[in-house]
Every structure is written in structure tokens, then in C-alpha cells.
Amino acid sequence: MTNDRTASAYWKANIRIILICLVIWAIASFGFAILFRPMLAELPLTFGGVDLGFWFAQQGSILVFIGLIFYYTWYMNRLDKEFDVDEK
Amino acid sequence: MDQFTLNLIVVGASFALYIGIAIWARAGTTSDFYTASRGVNPIVNGAATAADWMSAASFISMAGLIAFVGYGNSSFLMGWTGGYVLLALLLAPYLRKFGRFTVPEFIGDRFYSQSARIVAVICLLTISITYVIGQMAGAGVAFSRFLEVDNTTGLLIASGVVFMYAVMGGMKGITYTQLAQYCVLITAYTIPAVFISIQLTGNPIPPLGLFSTHAESGLPLLTKLDQVLVELGFHDYTGLHSSMLNMFLFTMSLMIGTAGLPHVIIRFFTVPKVSDARKSAGWALVFIALLYLTAPAVGAMARLNIVTTIFPNGTAEQPIEYSARPDWMETWAQTGLLAFEDKNGDGRIQYYNDDSEEFAATAAERGWEGNEIVTFNRDILVLANPEIAQLPGWVIALIAAGGLAAALSTAAGLLLAISSAISHDLLKSVLMPGITDKQELRAARISMAFAIAVATILGLNPPGFAAQVVALAFGLAAATLFPALMMGIFSKKMNQKGAIVGMLAGLTLTLLYIFTYLGWFFIPDTNMLANTPDNWLFGISPLSIGAIGAIVNFTAAYITMKLTGEPPAHIQELVESIRVPRGAEGAVDH
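First to last, the sequence lines map onto chains A and B.
Quick note on numbering: the numbering used here labels position 36 of the first sequence as 168, and the sequence is numbered without any gaps.
Quick note on numbering: the numbering used here labels position 359 of the second sequence as 432, and the sequence is numbered without any gaps.
The hints are simulated quantities; they were obtained by calculation from the structure and are not laboratory data.
All of these numbers come straight from a predicted model, not from anything done at the bench.
Be a bit skeptical, because a hint or two may be false.
Derived DEER-like restraints, expressed as beta-carbon distance ranges [unchecked claim]: (1) A:Ala141 / B:Gly612: 26 to 34 Å; (2) A:Tyr203 / B:Asp400: 17 to 25 Å; (3) B:Thr435 / A:Tyr203: 47 to 55 Å; (4) A:Ala141 / B:Phe594: 27 to 35 Å; (5) A:Met171 / B:Ser429: 27 to 35 Å; (6) A:Ile149 / B:Phe523: 24 to 32 Å; (7) B:Asp598 / A:Met171: 40 to 48 Å; (8) B:Thr637 / A:Ala141: 27 to 35 Å; (9) A:Tyr203 / B:Leu636: 52 to 60 Å; (10) A:Lys144 / B:Phe523: 43 to 51 Å; (11) B:Glu390 / A:Ala173: 39 to 47 Å; (12) A:Met171 / B:Arg655: 23 to 31 Å; (13) B:Glu431 / A:Ala173: 20 to 28 Å.
Yeah, the Cβ is synthetic: ideal placement off N, Cα and C, and Gly gets one too.
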């Protein structure tokens with residue numbers, strides 16, 4: 133983190149964390165559950181008789197989504213205070 | 074006590090609860106009516122959002138669609154939950170900071186244009202009315218079975234109840250009734266699933282049961298299911314049997330649509346603080362996930378139970394005789410949603426895939442002359458599930474109450490979005506600016522009653538299973554409101570012409586594509602092409618077109634913006650101000 137405490141620096145930091153979260157969001161759903169499923173199926177890993185991609189499609193992605201929202205909420209509350217833009 | 078009386082008692086008690094809360098919370102002022110004074114706790118708001126969100130499509134229809142397709146329909150699971158990530162990260166906190174009552178109000182102010190606001194109202198009405206048709210279809214199925222009345226009577230009862238609490242209570246009534254409805258629907262969904270999971274796998278937690286061992290055969294449950302389905306000529310459950318592109322776009326369309334649904338977004342105006350808007354989206358997803366993690370287990374286990382009911386001694390042996398069929402087949406046949414035909418006249422029910430060419434030889438060898446379950450409506454699966462698994466009567470009654478809670482709560486939320494768009498955005502700000510608060514409230518109630526009437530008529534003849542109709546509404550939301558909202562926040566330079574052209578381009582393309590395959594205004598037999606994968610452009614189904622509509626919306630808006638110049642300085646400052654939480658108006662107190 134730099135010492136820049138302007139609104140534009142706050143916005144830049146926000147965009148950065150949004151992008152990171154959205155990359156994880158896309159990998160867990162569109163990636164593992166759909167596009168890369170054939171590749172994941174090559175791994176010797178199975179989950180209750182099926183490959184990992186199926187698990188991501190029916191359960192894993194949902195758990196990742198919940199984690200992402202709460203992480204983002206926590207991160208932003210910290211960021212709001214750091215940049216002194218939080219609600220009093 | 075017979076099943077019918079039990080259903081009446083349980084469903085009646087749940088309705089009495091909702092109506093009681095609505096009367097207790099009867100709204101007084103305009104601000105109260107729309108957004109419950111911005112005083113709703115994020116966890117309560119999360120549960121209410123979850124009830125609002127999980128409609129007949131999620132509760133009644135989704136597990137059935139997964140059961141009969143398997144992996145390919147995982148799109149419903151990922152799409153309808155993944156959208157909350159977009160909502161929490163990209164929209165909810167900024168819309169709360171902006172502090173308005175409705176979605177068209179944001180679009181009208183941000184794009185400094187009454188035309189943009191009117192276009193947003195048109196998009197909102199198209200989305201919400203399509204959505205309500207799906208709810209009415211679901212409510213019709215539930216009532217026709219549990220009150221043993223015909224579909225039309227069921228719909229009329231449903232619209233009467235929705236009218237009562239939506240019109241009398243406004244949003245405040247809805248927030249607390251929806252909390253009650255969430256409790257009813259999640260209990261109703263979970264209890265039969267737990268029983269069935271124990272029966273099949275010994276594991277009391279359905280999402281874990283789905284990936285455990287099938288007690289009877291010793292094989293993993295999903296392996297066992299794949300095996301029996303393939304033995305009857307069906308596709309295996311865990312494989313992909315449609316186009317990967319279509320599955321990708323369908324999931325995308327549902328996700329983006331989730332974040333663009335006006336009746337869901339409106340909920341984030343009711344939390345006390347900007348930071349609560351983020352948290353509220355997280356809690357909503359937790360409450361939604363309780364059902365969505367259970368749904369795939371319900372689907373897979375029900376499919377297995379159906380096969381083992383019909384082939385009690387294994388798929389290689391003879392199926393059951395008609396005379397020996399269980400009661401649930403009898404009762405559901407009365408609704409017309411399940412039907413049999415003894416094609417080969419042997420007195421036994423053959424259930425297999427008669428479209429499979431590879432299986433035709435086996436079928437001929439066994440003397441089968443076609444699949445004898447000639448109608449199997451996907452929307453009955455969840456409701457029939459406790460009966461299929463031979464659970465006690467009170468569980469069957471409970472699921473009726475849950476299904477109705479899901480359909481009615483969502484219908485009420487949609488009606489609120491529709492009525493506020495008409496009374497607040499059309500009348501108050503465009504047509505009759507001098508209208509008093511009291512007149513506005515009356516207009517809101519009249520437009521609600523009108524919307525209920527339209528929805529009831531359209532619900533008599535829905536263009537698909539509940540979840541499919543609802544998926545169309547998501548496509549429309551993805552192609553219209555989501556891009557406009559997102560650009561309004563993330564692009565300071567986006568101007569009024571860009572937003573209007575974008576929304577109209579997205580709406581037109583998506584509606585034309587849907588109407589081409591499903592009929593103009595969903596009127597049966599007016600479609601220009603048959604709705605089959607061979608006819609779809611690049612294999613994209615009408616359910617998935619919303620993702621393409623969203624891309625077209627973004628592109629058209631961007632090009633128009635480049636050609637027409639920047640918005641005025643005060644609008645750019647407004648965008649700056651909604652990006653930071655500080656300075657949000659507190660909870661309005663009257």
C-alpha cells in the first residue's frame with residue numbers, strides 16, 4: 133500500500149480486489165465446473181465416485197461464492213477505515 | 074386424519090401466519106411502503122432476500138430439472154448463486170449509497186434523463202411479468218395437487234392471498250412475512266431430503282449423502298445412478314450431453330440476470346448502511362445455499378427412487394405391474410401431470426428411454442413397445458418426492474406449505490417492484506408530478522392489483538416448466554438492467570444516449586430471439602422456428618441468449634458513448650460520490 137489516501141487511490145484498490153475476486157469466481161464456476169472439467173477428470177482424484185468438476189458444478193462453486201462475498205466484505209470494511217471513507 | 078385435511082391444516086396455518094404479520098406491520102407512509110424505513114438488520118434482510126429470491130422455480134422446479142438431465146443442469150445451481158457475487162461486488166453497496174427507492178430511479182438520475190428512466194421501467198415490467206408467469210405456473214401445480222382443485226381455482230386462490238398481504242403490508246409486511254416464509258420453506262425442503270438421504274445412504278446430511286455410498290448396493294450413489302440409467306437407455310447422470318458453449322452461456326446468463334433483477338436489488342435499499350449492503354448479500358447467499366446445496370441431492374436421489382420403484386428387483390428384471398403401482402402415481406395421475414399408457418398390453422409399466430437408438434434393440438428383445446410413462450411433468454418431482462419415498466403425511470403437507478411459500482413470497486416481491494415502477498417512476502416523476510404521497514400509495518396498490526390480474530391470466534398458459542420461464546426473465550434482466558447499472562457505477566463517462574441505446578439493443582435482441590422459438594408474447598403456436606437444438610443459432614438456446622444480449626448491450630452503449638461525448642460535470646461528481654461509503658443517508662425515520 134502506498135500513502136496515497138485520495139478517493140481515486142481508494143477506487144483503484146477496490147477495483148483491484150474486485151478483479152481478484154472475480155477471477156476466483158470465474159475459475160471455480162466456468163473453469164473447474166465447465167471448461168476445464170475434462171482436464172480435471174484426468175486427475176486420479178474422485179469425490180464420491182465422480183470427478184472433481186462435477187463436485188464443483190453441484191457444490192464446490194457455491195461454497196466458493198459464499199467465501200468470496202464474506203472475504204470481500206471484510207476486506208472492504210478494512211479498506212474503508214484505512215482510507216477514512218467509512219460510515220460514522 | 075386423511076392427507077387432504079392435513080394439507081389444509083398445515084397450509085392454512087402457514088397462511089394465517091403470513092397474513093397476521095402483514096396486518097401487524099401495515100405500512101403508513103410512502104417510505105415505509107417501499108423500503109421499510111431502511112431499518113432492516115442485514116441478517117434478517119438476508120433471509121428475507123433469500124425467500125424473495127427462492128421462488129417456485131427454485132423450490133418446486135429446479136431439483137426436477139436437475140433430476141432428469143443431471144450434470145448439464147448444474148447451470149441452475151451455479152447461475153442462481155454466482156450472481157450474488159456480482160451483486161455484492163458490483164452493485165449493492167453503490168446503489169445503497171445512492172439512496173433511492175427504485176431501480177429506474179437510479180437509472181433516470183444517473184443518466185440525467187426521463188427517457189432512460191422510462192426505458193428502464195419498460196425493461197423492468199418485461200422482466201417482472203415474465204417472472205410472475207413462472208411463479209403462477211408453479212403455484213398452479215402446487216394447489217392443483219394439494220387442495221385437490223383444478224388449476225384455475227388454484228391460481229385464483231393464490232392471487233387472492235398475494236393480493237391480501239402485498240397490497241396491505243407493502244415492503245415492511247413483506248420483509249417480515251418473508252422471514253417467516255423462509256423458515257417454512259427451508260424446513261419443508263430439508264426434512265424430506267434428510268429422510269431420503271438416510272434411507273439411501275445412511276448419511277443424514279443430504280449434500281454429503283449425494284457423494285456417499287448407496288447403502289443397498291455398496292456402490293457410490295452417483296455411480297449406482299449412472300449405472301441404472303444407462304441400463305434403461307438414458308444418458309448417464311454425471312456426464313455432459315449438450316453443448317459446452319450453451320452450458321457456459323446459460324450459466325453466465327443466469328448469473329448476470331440475478332444481479333440485474335429489480336425485485337432483488339430493491340432489497341439492498343432497505344439495509345441501514347453501505348457496508349451492510351455487502352454483508353446482506355453474503356447472508357442472503359448463505360440462506361439460499363442451504364436450499365441449493367440440498368437440491369442436487371434431492372434431484373439425484375429422487376431419480377434413483379423412481380427407477381427403483383418401477384424396477385423393484387433391478388433393471389434387468391421385470392418392472393412392476395400397473396395394479397401394484399404406489400399411491401403417489403395414482404394421486405398425481407389425477408392432476409394430469411403424470412400419465413401412463415400400457416403400450417404393449419402386458420400390464421407392467423416400462424420406463425426407459427425410447428429415443429435412444431442403441432437401446433432400441435434391447436427394448437425390442439424384452440418386448441417393450443415404448444416408454445409407458447408418457448407424461449412426467451418435471452415440476453411435480455419435489456412435491457411428489459416425500460410420497461415417492463413413503464414419508465409420513467405431515468411431511469407431505471409441509472412440502473405443500475413450503476412450495477406455496479416460495480411461489481407466493483416471490484410473486485409478492487415482484488408485484489412490489491412492478492407497482493413501484495408504475496406509481497413512483499411513471500406517475501410521480503413523469504406523468505403527474507403533483508401527486509401526493511397518499512395518491513401515490515393508492516396508485517401503487519391499484520397497479521399491484523392490476524399486475525396480479527395480468528399474472529393470473531398469463532399463468533394459465535405458461536411457456537415452459539416454472540424454472541424455464543423464470544430463466545427467460547433472467548436472460549432479459551442480464552441483457553438490459555445489469556449492464557446499465559454497472560456502467561452507471563463503473564464508467565464515469567457513460568452518458569444517457571449510450572445507456573438508452575444499450576438497454577434497447579439488449580432488450581430487442583433478447584426478446585426477438587426468445588419469441589422466435591417460444592412464440593410472440595408466449596402465445597402458443599406463434600413461434601417461427603421449432604425450439605430444438607438443431608434450429609438454435611450456434612447451438613445457443615433461448616434460455617442462454619441473455620449472456621449475448623448483455624455483451625451487445627455493453628458494446629452498443631460503449632460505441633454510442635464514444636460518438637456522443639461526455640456526461641455533464643455534476644453527473645461525473647455524482648458517480649465519484651457513490652463510489653465511497655461515507656455520507657450515505659441514515660435510516661429514514663418517520
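Taking the hints in turn, this is what the structure says about them:
1. A:Ala141 / B:Gly612: 26 to 34 Å: 45 Å, violated
2. A:Tyr203 / B:Asp400: 17 to 25 Å: With Cβ atoms ~49 Å apart, the hint is violated.
3. B:Thr435 / A:Tyr203: 47 to 55 Å: 52 Å Cβ-Cβ, so the 47 to 55 Å window holds.
4. A:Ala141 / B:Phe594: 27 to 35 Å: Since the Cβ atoms of Ala141 of chain A and Phe594 of chain B sit about 50 Å apart, the hinted range of 27 to 35 Å is violated.
5. A:Met171 / B:Ser429: 27 to 35 Å: Taking Cβ atoms as reference, Met171 of chain A and Ser429 of chain B lie about 29 Å apart, which means the hint holds.
6. A:Ile149 / B:Phe523: 24 to 32 Å: Violated, at about 44 Å.
7. B:Asp598 / A:Met171: 40 to 48 Å: 44 Å, holds
8. B:Thr637 / A:Ala141: 27 to 35 Å: 30 Å, holds
9. A:Tyr203 / B:Leu636: 52 to 60 Å: Distance hint for Tyr203 of chain A, Leu636 of chain B is violated at roughly 40 Å.
10. A:Lys144 / B:Phe523: 43 to 51 Å: Between Lys144 of chain A and Phe523 of chain B, where Cβ atoms are some 47 Å apart, the hint holds.
11. B:Glu390 / A:Ala173: 39 to 47 Å: 33 Å, violated
12. A:Met171 / B:Arg655: 23 to 31 Å: Cβ of Met171 of chain A to Cβ of Arg655 of chain B: about 46 Å, so the range 23 to 31 Å is violated.
13. B:Glu431 / A:Ala173: 20 to 28 Å: 23 Å, holds
Hints 1, 2, 4, 6, 9, 11, 12 from the list above are not met by this structure, while the remaining hints are.
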